[in-house]
Amino acid sequence: MPDVSSKQMKLLYFAWVRERVGCGAEDVELPEGVATVSDVVGWLKGRGPGFAEAFARPELVRAAVDKVHVKPAASIDGAREIAFFPPVTGG
Amino acid sequence: MIRVQTEDFDIGAEVKALTSGRTDIGALVTFTGLVRDSNGGTVASMELEHYPGMTEKELSRIEAEANERWPLQASLIIHRVGKLSPGDNIVLVVTASAHRQAAFDAASFLMDYLKTRAPFWKREETGDKSHWVDARESDGEAAAKWDT
Chain A
40 MPDVSSKQMK
50 LLYFAWVRER
60 VGCGAEDVEL
70 PEGVATVSDV
80 VGWLKGRGPG
90 FAEAFARPEL
100 VRAAVDKVHV
110 KPAASIDGAR
120 EIAFFPPVTG
130 G
Chain B
-1 MIRVQTEDFD
9 IGAEVKALTS
19 GRTDIGALVT
29 FTGLVRDSNG
39 GTVASMELEH
49 YPGMTEKELS
59 RIEAEANERW
69 PLQASLIIHR
79 VGKLSPGDNI
89 VLVVTASAHR
99 QAAFDAASFL
109 MDYLKTRAPF
119 WKREETGDKS
129 HWVDARESDG
139 EAAAKWDT
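As given, the protein sequences belong to chains A and B, one line each in that order.
Taking the working numbering, the leading residue of the first sequence gets 40, the next gets one more, and so forth.
Taking the working numbering, the leading residue of the second sequence gets -1, the next gets one more, and so forth.
In case anyone wonders, no lab produced these hints; they're calculated from the structure.
Virtual Cβ for every residue (Gly too), placed ideally from N, Cα, C.
One or more hints might be untrue.
When the alpha-carbon atoms are kept at most 27 Å apart in a straight line, the in silico DSSO-like pairs for lysine-lysine are as follows [what the hints assert, rightly or not]:
no., chain 1, residue 1, chain 2, residue 2
1, B, K55, A, K46
2, A, K110, B, K143
3, B, K127, A, K106
4, A, K49, B, K55
5, A, K106, B, K14
6, A, K110, B, K55
7, A, K106, B, K81
8, A, K84, A, K110
Anything over 10 Å on all C-beta distances counts as not near chain B; from chain A, calculated [unchecked claim]:
no., residue
9, L50
10, E68
11, K106
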């Protein structure tokens, strides 16, 4: 039985964030106290050299919670999917 | 209507499909974005990555906002993904209205918003090297001018 207090989350990475992290998607269990997008970034930075490099300058990384653009201070309460990516360059 | 696809698009066929059988459209604007060789003949190809699911949601949101701001009879956004070559089509925006100003403005707005909000990323391949294209500050400024 999964611990109901833990936060199961799908994390997605795109473009050079994906390359530095080393994978495009993963399922994680976020620790207690991780409440905002910027908390997630802080936690990710400690997960290895690839993560540290990808998030070395967090101001260069954008985020989306459940496929909607958000600011770093956004709450992740109730979120199922968080994506991290560079500023977009389509068009 | 929005579409994300690997295949090329035919501007004439898209316009025809949009206007066929209608008599209420007085102005139609199309914008086509092409893969440009930004490095004097050295860019061999370009890879367009995107965020499946969010891309479609974001394009639909942008299109809905344009339809709220201007009286459009029809609108269409097609964006290609995958591997493209210099000269290839990347994006098509079509806006149709009773009068030209709404069609011009809405097309411009759609492109400005798409460039700063739709989750696409370009990687240019030059010879044996490749690099992610940097976002341009001027694109952010262009989108910001529509904020009221």
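Now for the hints, and whether the structure bears them out:
1. A hinted pair counts as satisfied when its Cα atoms are at most 27 Å apart, and K55(B) with K46(A) qualifies at roughly 25 Å.
2. Between the alpha carbons of K110(A) and K143(B) the distance comes to roughly 20 Å, so the proposed pair stays at or under 27 Å and holds.
3. At most 27 Å may separate the alpha-carbon atoms for a hinted pair to count; K127(B) and K106(A) exceed this at roughly 31 Å.
4. The straight-line distance between the Cα atoms of K49(A) and K55(B) is roughly 18 Å, inside the 27 Å bound, and the hint therefore holds.
5. Under the criterion of a C-alpha separation no larger than 27 Å, the hint pairing K106(A) with K14(B) is inconsistent with the structure, at around 33 Å.
6. At most 27 Å may separate the alpha-carbon atoms for a hinted pair to count; K110(A) and K55(B) meet this at roughly 18 Å.
7. Distance hint between K106(A) and K81(B) is fulfilled; the C-alpha atoms sit about 24 Å from each other, no more than 27 Å.
8. A hinted pair counts as satisfied when its Cα atoms are at most 27 Å apart, and K84(A) with K110(A) qualifies at roughly 18 Å.
9. For L50(A), the non-interface assignment is confirmed: its Cβ lies about 13 Å from the closest Cβ of chain B, beyond the 10 Å cut-off.
10. No Cβ of chain B comes within 10 Å of the Cβ of E68(A); the nearest lies about 23 Å off, and the non-interface call holds.
11. For K106(A), the non-interface assignment is contradicted: its Cβ lies about 4 Å from the closest Cβ of chain B, within the 10 Å cut-off.
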